[in-house]
Amino acid sequence: MTKPQFGLDDDALAGQPTVYRPGLFADRVVLISGAGSGIGKAIAFLFARLGAKLAICGRDLEKLQATAPRLRELGSPDVFVQSMTIRDPEQVDALMDAVWTHFGQLDVLVNNAGGQFPKAAIELSGNGWRAVVDTNLNGTWYMMQAAAKRWRDHGQPGNIVNIVLPIDRGTPGAAHTGAARAGVIYLAKTVAVEWAPYDIRVNCVAPGTIESSGFQYYPPAAVERFRYSNPMKRTGSVHDIAEAVVYLAAPSGKFVNGETLIVDGGSVLWGDLWVTEKPDYFKV
Amino acid sequence: MTKPQFGLDDDALAGQPTVYRPGLFADRVVLVSGAGSGIGKAIAFLFARLGAKLAICGRDPEKLQATAPKLRELGSPDVFVQSMTIRDPEQVDALMDAVWAHFGQLDVLVNNAGGQFPQAAIDYSVKGWNAVVDTNLNGSWYMMQAAAKRWRDHGQPGNIVNIVATFQRGMPGVGHTGAARAAVTYLSKTVAVEWAPYRIRVNCVAPGAIESTGFRVYPPEAVKTFGQANPMKRTGSVHDIAEAVVYVAAPSGKFITGQLLTVDGGGVLWGDVWPTGKPDYFKV
Amino acid sequence: MSENNKPAFGLTDEALSAMPTVYRSDLFAGQTVLVSGAGSGIGKAIAFLFARLGAKLAICGRDPEKLEQTAAWLRKLGSPDVYVRPMTIRDPEQVDALMDAVWAHFGKLDILVNNAGGQYPQAAIDFTVKGWNAVIDTNVNGSWYMMQSAARHWRDHGQPGSIVNIVAVFERGLPGIAHTCAARAAVTYASKTVAVEWAPYRIRVNCVAPGTIESTGFRQYPPEAVKNFKNSNPMKRTGDVQDIAEAVVYLAGPSGKFITGELLLVDGGGVLWGDAWPTGKPDYFKV
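Residue numbers (this note's numbering), protein chains in the order written: chain G, 326 to 609; chain Y, -18 to 265; chain C, 12 to 298.
Quick caveat, the hints were computed from the structure, so don't treat them as lab data.
Among the hints, erroneous ones may be present.
Unchecked claim - No more than 25 angstroms apart at the CA atoms, straight line, and that leaves these computed lysine-lysine pairs for DSS-like:
(1) Y/K170 / Y/K214
(2) C/K268 / C/K238
(3) C/K268 / Y/K205
(4) Y/K170 / C/K247
(5) Y/K214 / G/K444
(6) G/K474 / C/K292
(7) Y/K205 / Y/K264
Small disclaimer: the values here were computed from a predicted structure and weren't measured.
Next up, chain G with everything else stripped away, as it sits in the complex:
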């Protein structure tokens, strides 16, 4: 296998040291969207190593099928694969039905699927705007609600972790996704309250500049700058995000609800992230 241009290859990822104890997710079922690559795959790898049964979904069946045997190797006793898009509420319902049919339960839903493209806001097309809002905000909502309904109807407790972005200072060069992720963050806070009676916790993890295969979608000059966008002056690893998700999903997070955990090396405090080429005006 050739080394990827960005991020960790599968072996390196599988060998990342973890703070968590083996067996932490024994007999637990975790569903991860967008698990075929990048951060989603890292999350799936870690849950597998901790003994979870896994359901993974995503749009690219090949990538999922390549990931599934690795998850079994790493220790997951049961891996269920379904290719689908979260943008279609009927496919979301079908996925959830399939998960409950297969496992009889779901313990943790990790909404990792999502995406965007860098573009100056003034140049965004209507279609481009809507596509990003539809995937990241609507798609995530369909998943959240479909899981919540089933937890309520089965009388089972639930646990949702949404992967978002640090939005605190806006997201210049990616206004569409900043808007969508803000929507998800505050939606999570709302249903953290509304769904507390059903014993469902809802939290978010906001990764800063995390080196992953996703870097290939950005201009090389922007990527070069990414590591200067936080006071640590380096990028994070997909494994940092996986460990944050586990923290919230595991009993360690059992009193955390409605929270957004930012894993960004401090970039909301200092640093300048332009996912497009940086406009001259801002070169100071």
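Based on the hints, put chains Y and C in the right spot on chain G.
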């Protein structure tokens, strides 16, 4: 009069256009701390132009005595002056007693007095740290509580506006004041709730890089960058802060309490302020 | 609207037009302001205040009758020129046509107030896909089309601009209206992003978040929920539409010239204490 090195001279300040109607504060009494210079003087000037009776305090009697006749000229029907330090709770009590003895009422308290010196946090002395926390946090608190007690005891509604700073991203180079201003802001949120039964509103205004005589305490190379530290790429005016204070203090703000109004040209979103001068490490 | 026709909630037009204001009467002389959703409630209050301060006005909304009634008032209140355009912000082509028409009519725009929007109370677990999408489309996409279209016109004409978006107090979530919570948060953070991106074009972008403001909009909530609204903030009262209008003027006008990317809450402190529950409070939360 010689032109000041930074900010507006008295005539320029008095001639700033205002959005507010004349007479807005007729028969109202406003107490402004630190009114002898900079932002505090600008606040006092605007309230005077809008017809308010004024009480001004500060440590330097000469500056206050120079400010008072200007306030009368600008339209304040009654100006009361008391030199004191907010760091001494007994002097604060004496000030409040004097205000009530003189005017029989107080409508608005503007806690503007405060200050800091730029220094790397690792080099703070205990004395330097304590001085900044004592003035900005303890001093503001003595003023807030002393006013609130009298409002409660006289059955009068009250209104507090605290001048703080843009601490949202931390304040490298002035960490002590960042801590103290955050403390004042969240204290304000707390008593906005606790004191709502007494009909006391409590809000804060956070000035970003506002050009004033206060710029003199910073190294010239730092001052040069202040106008680049927000997306508007300019400094604000002390009058911008005065108009913000009036907005929240006046009936326009009658449904606002516990709020922090940031007036910083967007500096919390983009830009880099280093009051100590930017360390090489952060030159990226 | 006469006294015997008093609205169930909020102010009559007469009462609204007579609300005291802190601003000087010629503040917006020579300026053009576009207000969406200006036919009722908060939008109408914003348009009224700008008219009283001398602004030329463009107003849009879906209901032509309401807009015409508002326009007559705006002229009476002192607006030297009122342009009316019924349309929906959900259609980007109608938005572009609106902006073209505003520029054709006035030659410029100084201030855009994105007030149009809306929601209905429902437990999130019962939302339909259609209901969710409608709220997202109006509040997020519609506001975006308006922002971007105005910004493009400002850039192309080399004119500075100022945008104020009316959102909601979403910081603690909004149980009972989860869709609008997501949508308003999205608009707020889009505003923060473009406050930076569009600073080179001298465009300021800010938001105002009204708490429980008594307006005709109260009619869509169950009476038992409305009864509790005044207890949803530490002041234990509702705000009025004029509170929001004055906040918009403060940010849009020269008073706000050093403010961009800001979210101004006008909520009586509701974000700190209180419990709104537009659907009525579920038993679980009666503590």
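Hint check:
no.	hint	in the structure
1	Y/K170 / Y/K214	violated, 31 angstroms
2	C/K268 / C/K238	violated, 39 angstroms
3	C/K268 / Y/K205	holds, 21 angstroms
4	Y/K170 / C/K247	holds, 16 angstroms
5	Y/K214 / G/K444	holds, 23 angstroms
6	G/K474 / C/K292	holds, 20 angstroms
7	Y/K205 / Y/K264	holds, 15 angstroms
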